[in-house]
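Q: Could you build all of it, start to finish, from the sequences and the hints given here?
If you're matching them up, the sequences are chains C and U in order. Numbering that gives the first Met the number 0 numbers the first residue of the first sequence as 0 and each following residue consecutively. Numbering that gives the first Met the number 0 numbers the first residue of the second sequence as 0 and each following residue consecutively.
Hints listed in this document are in silico derivations from the structure and should not be mistaken for laboratory results. Hints are supplied without guarantee of correctness; some may be wrong.
[Said to hold, decoys possible] Footprint (simulated), chain U over chain C, 3 or more residues, beta carbon under 8 Å:
#, region
1, 30 to 43
2, 69 to 83
3, 115 to 129
[As the list claims (entries may be wrong)] Computed spacing ranges between beta-carbons, pair by pair:
#, chain 1, residue 1, chain 2, residue 2, range
4, C, A12, U, P282, 23 to 33 Å
5, C, A87, U, A133, 26 to 36 Å
6, U, I2, C, N47, 47 to 57 Å
7, C, Q83, U, V390, 30 to 40 Å
8, U, S268, C, N22, 49 to 59 Å
In this text, a Cβ means the ideal position worked out from N, Cα and C, and glycines have one as well.
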Amino acid sequence: MEQYSSKVMEHFAQPHNVGEIENADGVGTVGNPVCGDVMRLYIKVDNNTITDAKFKTFGCGAAIATSSMVTDLVKGKTIDEALQISNAAVAEALGGLPKVKMHCSVLAEEALKSALDDYYKKKGIPSPVKMPAESGHEHEME
Amino acid sequence: MLIMRKVYLDHAATTPAHPKVVEAMLPYFTGKFGNPSNLHDPGREAKNAVEDARAKTAALINARPEEIFFTSSGTESNNFAIKGLAQANSQKGNHIIVSQVEHFSVLHPVKTLEKAGFKVTSISPDKEGFIDPAEVAKAITKETVLVSIMHSNNEIGTLQPIEEIGKITREKGVLFHTDAVASVGWVPVDVAALGVDALSLSAHQFYGPKGAAALFVRKGVRIKPQIEGGVQEDGRRGGTENVPALVGLGKAAEIAAVDLPARMKQISSLRDKLLTGMGERIPDMIVNGHPTRRLPNNVNVSFLYVEGESMLLFLNMDGIYVSSGSACTSRSLKSSHVLSCIGTDAAAANGTLLMTLGTGTSGEDIDYVLEKLPPIVQRLREMSPLYEDVVKKRKTS
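A: Below is the structure:
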């Protein structure tokens, strides 16, 4: 297996923004324990700006690092800006991910979109969020 | 400066070569470099070394030297056994019986034979990983040419009732191969008592070098060569012998034959200390396999609500080296087929650690693991949404 970048290891060993937000404005949970990753992302929104983001993740090193990175990236962004954050941007900010772990960055994008979708629902506004296409997480033969 | 303790608990992946093994091998790279196929003195010197290694390997498993065929790996031995025995005896029938928890070096050649027209019965294990000999007996038909059931499972350590299965195959006149790669050097293996016709073993699994392995084939049993074009190994396996590595295998076998009882006693008591210690310190832990009928050095546990790779990476930072059965640690992103066959919940399988002890493992090493592991599991649980849900549920109920 390819090695993790030092940036990934940094975010894995000391992840930023771990935890819950009480009375969060948006919460998204994505993934499947059978596949080995579940991400839950909490956001706090003030005046159309994401003022806080926290996460809880069950998963591998890459899953934890991408969760940490996506919460870092989203803080201080407006909702519209946050909607533009792609899995590629998360992976790039981490100095790249091994090919077999790219689905973790897709999961991070999905978790964010799912939290934003929840935010719109809670507000009673029709959600403009488009969930990304299913990750390239195909199970091949051992 | 404080030197960090290093605890290698992945002996099922590979062992270091014993210093005496390395010492025995070294002359055969330089001074005694001859090719065993040559009749001159250097050739005969190498030939004698290979035959000495053969005798020592045979002695470890109570076989005759002429029943030992050297190969390059456990994988090659298993491929040789499955394809070679099935193909050489296909005039008798075309049915093969295996278990679902075999190593892929057995399952994949079996799949290849299936594509070529063989019929395959795959026996499922019980929840501790055992194959019921009665199931094997029931599966045998007039067409059955080969039964292959592993001696012990490389992941969960379960020791199979090989002797009982051997009685059945002998009675029914069916060939019986056992993959003993995980067993040889760790538990007594006696081909006469087991009643097997073929058995695979690999040197680097028990303090020998990588690149040396063997297949025992009982005298009189026909096997089709898989590597052709050489007279080596009585024409059954061509290719110039890896003389230094085979010398190393012989030495490792000689050491194992002497050390085995002490090795088993020491390692199984440390294994129990590790298992008990983890059970006392970490809640929501599942032990995979059988509590006692398992390899003396094998610990396989699942920690609920956490994922294996992240545990492995944190342990690595503390100088503790283990394996995991999680989907994320495998290239295929699939969790262990063995755990899924014994009915381990898929989410729990992703939180599996495989820890295999060795002769160098000390009580202090185990204490160190028992100090480092519980906070890692706890930290990852506090980060886990699965754990958060469980804690909330427990509070409300």
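Q: Does the hinted range 23 to 33 Å hold for A12 of chain C and P282 of chain U at CB?
A: holds (25 Å)
Q: For the range 47 to 57 Å, tell me whether the beta carbons of I2 of chain U and N47 of chain C fit it or not.
A: holds (54 Å)
Q: At the C-beta level, are Q83 of chain C and V390 of chain U separated by a distance inside 30 to 40 Å?
A: holds (35 Å)
Q: Does the region 30 to 43 of chain C contain three or more residues whose Cβ lies closer than 8 Å to a Cβ of chain U?
A: holds (count 8)
Q: State, for the Cβ atoms of S268 of chain U and N22 of chain C, whether the hinted interval 49 to 59 Å holds or is violated.
A: holds (53 Å)
Q: Mind taking a look at whether chain U covers the region 69 to 83 of chain C? Criterion is 3 or more residues with CB to CB distance under 8 Å.
A: Per the Cβ count (0), the hint is violated.
Q: State, for the Cβ atoms of A87 of chain C and A133 of chain U, whether the hinted interval 26 to 36 Å holds or is violated.
A: Violated, since A87 of chain C and A133 of chain U (Cβ atoms, about 56 Å apart) do not stay within the stated range.
Q: Examine the region 115 to 129 of chain C for residues whose CB is less than 8 Å from any CB of chain U, and state whether their number is three or more.
A: With 0 residues close enough to chain U, the hint is violated.
Comparing the model with each earlier hint shows violations of hints 2, 3, 5; every other hint is respected.
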